[in-house]
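Going line by line, the protein sequences match chains A, B and C. Every letter in the first sequence is one number past the one before it in the numbering used here, and letter 278, counting from 1, is 278. Every letter in the second sequence is one number past the one before it in the numbering used here, and letter 102, counting from 1, is 488. Every letter in the third sequence is one number past the one before it in the numbering used here, and letter 140, counting from 1, is 887.
Just so you have them, the derived chain B footprint on chain C, three or more residues with Cβ under 8 Å:
hint : region
1    : 983-990
2    : 1025-1036
Partial selection, computed: residues in chain A whose CB lies under 8 Å from chain B:
hint : residue
3    : Val39
4    : Ser82
5    : Leu84
6    : Thr87
7    : Asn88
8    : Arg92
9    : Glu95
10   : Asp109
11   : Leu112
12   : Lys176
13   : Thr177
14   : Val181
Far from chain B by the CB rule (all over 12 Å, computed), these chain C residues:
hint : residue
15   : Ser881
16   : Arg892
17   : Leu893
18   : Tyr924
19   : Val955
Hint data in this document are derived by calculation from the structure and do not stem from the laboratory. For every residue, glycine included, the Cβ atom is placed at its ideal position computed from N, Cα and C.
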Amino acid sequence: MISRRLVEGIALFAAIGCALASAPALAQKTIKIGVLIPVSGPASYFGVQGKEGMDLALDQINRGSGVNGNHFEVKIEDSACSPLQATNTAKRMLEQFKPDVVIGEECSDASLAIAPIFEQAHVPMLNAGSATNQLTESGYKYVFRIFPNAKQQGIPLGRNAYTKLGARTAVLLYEKTNAGVDNADGFAKEFEAAGGKILARIDFGRDVNDFTPIATRIAALGKVDVLPTFGLEGQQVRLSQALAQAQVVKGGGGSGIQMGSIWLPWGYDAKAGQASVGYVRIVQFDPTEKRKVVTDFIAAFRARYGADKTPTHINAHAYDTIQLVAEAVRQGATDAESIRDRFSRIKDLELTTGKITFDASGQTVDPSVIHFVETQPDLSWKSLPW
Amino acid sequence: MSGALPPLTPPERAPSAAAASPVAASHALPSSEPAERVLRPPLRWPGYVAALLLIALLPFALKGAYWQGILVVCAMNVLLAMSLNLVIGDCGQLNLGQSAFFAIGAYVSTVLLKSHGWPFWWAVPAAILAAGALGLLLAAFAARLRGHYLGIASLGFAVIVYQVLVNWESVTQGVRGIYGIRPPPPMTLGPLGVIEFSNPAHLFYLVALIALLVYGVLDNLMRSPVGETLRSIREDEISAASLGVNPARWKAFSVGLGAAIAGLAGCFYPGFVGTLVPDAFSIVESFTMLAMVIVGGLGTRVGPVIGAVVLTFLPELLRDFGDWRLMVYGIALTLCVLFMPGGMVQAWQLVRARWARQGVH
Amino acid sequence: MPDILALVLQQTLNGVYLGCLYVLVALGLTLIYGVMNQINFAHADFVTIGAFTAFFSASRLATHVLGLPDATAYLLSIFFAMGAGALLGYLINAAVFAPLRDRGDELRPLIATIGVSVLLENGQLALFGPIPYSFDSPFTQHTLRLGKIFFSAQSLLVVVVAALAIGGLHAFMRHTYLGKALRAVSQDRETAGLMGINERYLIGLTIVIASALAGLAGALLGPVIVLTPFAGSSVIVKAFAIVIIGGFGNMEGTIIAGILVGIIEAFTVQYLGSGLIDLVVFVLLLAMLAVRPTGLIAERREENV
Chain A
1 MISRRLVEGI ALFAAIGCAL ASAPALAQKT IKIGVLIPVS GPASYFGVQG KEGMDLALDQ
61 INRGSGVNGN HFEVKIEDSA CSPLQATNTA KRMLEQFKPD VVIGEECSDA SLAIAPIFEQ
121 AHVPMLNAGS ATNQLTESGY KYVFRIFPNA KQQGIPLGRN AYTKLGARTA VLLYEKTNAG
181 VDNADGFAKE FEAAGGKILA RIDFGRDVND FTPIATRIAA LGKVDVLPTF GLEGQQVRLS
241 QALAQAQVVK GGGGSGIQMG SIWLPWGYDA KAGQASVGYV RIVQFDPTEK RKVVTDFIAA
301 FRARYGADKT PTHINAHAYD TIQLVAEAVR QGATDAESIR DRFSRIKDLE LTTGKITFDA
361 SGQTVDPSVI HFVETQPDLS WKSLPW
Chain B
387 MSGALPPLTP PERAPSAAAA SPVAASHALP SSEPAERVLR PPLRWPGYVA ALLLIALLPF
447 ALKGAYWQGI LVVCAMNVLL AMSLNLVIGD CGQLNLGQSA FFAIGAYVST VLLKSHGWPF
507 WWAVPAAILA AGALGLLLAA FAARLRGHYL GIASLGFAVI VYQVLVNWES VTQGVRGIYG
567 IRPPPPMTLG PLGVIEFSNP AHLFYLVALI ALLVYGVLDN LMRSPVGETL RSIREDEISA
627 ASLGVNPARW KAFSVGLGAA IAGLAGCFYP GFVGTLVPDA FSIVESFTML AMVIVGGLGT
687 RVGPVIGAVV LTFLPELLRD FGDWRLMVYG IALTLCVLFM PGGMVQAWQL VRARWARQGV
747 H
Chain C
748 MPDILALVLQ QTLNGVYLGC LYVLVALGLT LIYGVMNQIN FAHADFVTIG AFTAFFSASR
808 LATHVLGLPD ATAYLLSIFF AMGAGALLGY LINAAVFAPL RDRGDELRPL IATIGVSVLL
868 ENGQLALFGP IPYSFDSPFT QHTLRLGKIF FSAQSLLVVV VAALAIGGLH AFMRHTYLGK
928 ALRAVSQDRE TAGLMGINER YLIGLTIVIA SALAGLAGAL LGPVIVLTPF AGSSVIVKAF
988 AIVIIGGFGN MEGTIIAGIL VGIIEAFTVQ YLGSGLIDLV VFVLLLAMLA VRPTGLIAER
1048 REENV
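Could you build all of it, start to finish, from the sequences and the hints given here?
This is the structure in structure tokens:
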């Protein structure tokens, strides 16, 4: 009785499920790119910008005759920045779309969760947004990353704080996530090894809105030379403003220098206002660069999304991932195995975010993807020759 | 005792029932009264046989790692929805923090497995006990609370558990998470050969059979005097106490048992996903479980099962809506509560009753 | 002034200000609960929509259309936000609370409002996108300093408006016919109905007022929080804790509890670490409930036996 109703209910869903599962599109002579990014929830901050960058690159490639006659087909799935959702959508992607290459995820937790799935399926996974060291240190053969990992960002940050800025004391400010903790640890290790002192480690959840109590606490610590800060744009705007209000940082008349890695997009300084003056940080994509690949990208981006828009590093990374796949195809790749093979041999490929050279672990190692800028009183960037 | 049909209050009768019983109106959560009991011989084994057959066949209907993975998630959600229904539906205690016990099950089993080298099948009872004990702790704590106070207290309890998982880094790895968690070890089952739980179909069989077992235990329990006692507390705690029932003890029993079942479900989560991070157990998960119970049919046996199936598959089926997916989900949830206040089980009964009447004419 | 004293005073001020933000969000929740024993989970999204309304009306409408100075435009936008909140309140009452009201059930409206919340959150995401808006009121950048003590003009505004809202609400409840009728309904719905009070109308009015308060909270929070479609949900769980600590439906309790939680939060950041805020607040919540099961100020509702 009860179970009959159960049977009927489930059978209906089973039927719908079968119908959906057995209807993948048949496409030929196309390179299939599966994209796993968060497009719902707070993490859609990454996904929405990532989609903009990829759409632009795809337009450029598919408008012409494609690459070596191959057109690109992209399927975006919402992996929601969550390990469960990401593993589910990864399996869905593999079965229904059968991608030749996968781009994703943005969040470290989700990237780490899907890496073994694509490794097992022998589909190359290209990551452009997760900083956690573990991703390329787990011995995966099919995982590639064009984003500097936490070490690559933390070490120069810590070293330059000590040598170039002459800092001896630091307060670490970081969001309590995988990437935040990794970045903070990376800085602390290098800075302490050089002889610096960490006065306090202050972590915060992504739901913290008011940073005045944190700024007050730092102001009471006495003189702090640098404040390495690892958090998302929205929170960092409020954090910088609170630090300026408490007269901790240069932007508020204090002496401390905020430092950061590539969490913050172009446009951050305008949002934070005077509070961001003197902020020293690593950027991977600098829209003021005069390299042709950068100026072309910006022109195309503005043509498509509006003259008043400037691409962020998230836009640029996403754009670069498609360009990287295009390069692999240009070199003769046609399927998952050959794309992996071409990826592993990529050397000095110039993209909007710098030059890409993968090491044996799939991590890009060219230091050109990292350079330092300082926010000027007119809120523009000054490149630092470090 | 009640037959296969759960107690039913047709919507048109509800206002008068609420007006006649102000206590039920202001305090008791569900308003279903055992008014119309259908007398029917307790012939239940065909249902179980059908359910067994269905479980056996589902992985053949839904092929591939993705859909079979969704089946595993579905079976876990069925366990969770049943565990919450025991607390809210049968005993009338608002619990907005069930995800905490799910988390305890997942973390205790994984930590024992990964850090202490326990075999999986030893870690499971330990995790169940840990979740159950924590449930008893919450119940002891919340003995004097009722209604929304209890709801928010349990929500707060879940926040605390979540924060402990985040901050107790030496044990849980905090936000860094635990990776590379393996599915339960393979089992050799005589003629069936070796069951590999890395195969989602096999893992589904395991979790679904456990869910069916739990269903059977709960079904029998709720038909026994224990069920009668829990329902009497749900309907009117003060009257129940005056009849010699100790409400605190029985509330603790239902919260503790519910927690243990949620903990059991939690044991299968890490091995399935391979990754364990505290974010998987945010309070939103508790609300999803609650929605499963309400959408299916609060206080009924089969309702939460159906609710869990629907709300597990719905978001996946809506994937083709792209950006509209969660908006459609929100609308569906709201409409479901507005137009099927008794859940899908009751709505189905009403439809059947109408068909039956039309058949007579 | 000795440093430690200045620090304690500064953190207390930070806490009071934070507390006032929480009180503004929690007041609407407690108002609705007081009159009809319901929790509106979509309240958080009303706050967010209030913030977006204020942002767009301040930055677009007022400055471009009327050419008002920034400060006036922002202050004016607060009323737009309240209007948006009131409208949402009217809608959610008509769509969810009114149809479900007579069932005498606390759980289904709760779930229905969770559905509404999912809808509103994702609707805003589709409309406004996930990238944080830079909503700076002319008061946020203006810092006032008294010796070592500092606070922004915006925080002063928050405290003043919170006090005005509380005072206005109090006067309304005590001294107007409608307010008295509302209190009668919250104390005993049936008797109030027998006395000729239109209960339906009054409950609807309460939800509208409470939601307008959510809009007001949004307009004041907008320039100080991270303005995304998810802004409200970051404060709502704490608002629930505050409503409970204060005693559901008890306005004085909510105000005291809100400011208390704000101060506790500031000192947790100072002495324990900001990652522990939620842990401390909710352990205190449970501890308080263990001692006083109906909140800081006991609920006056009588038990029907």
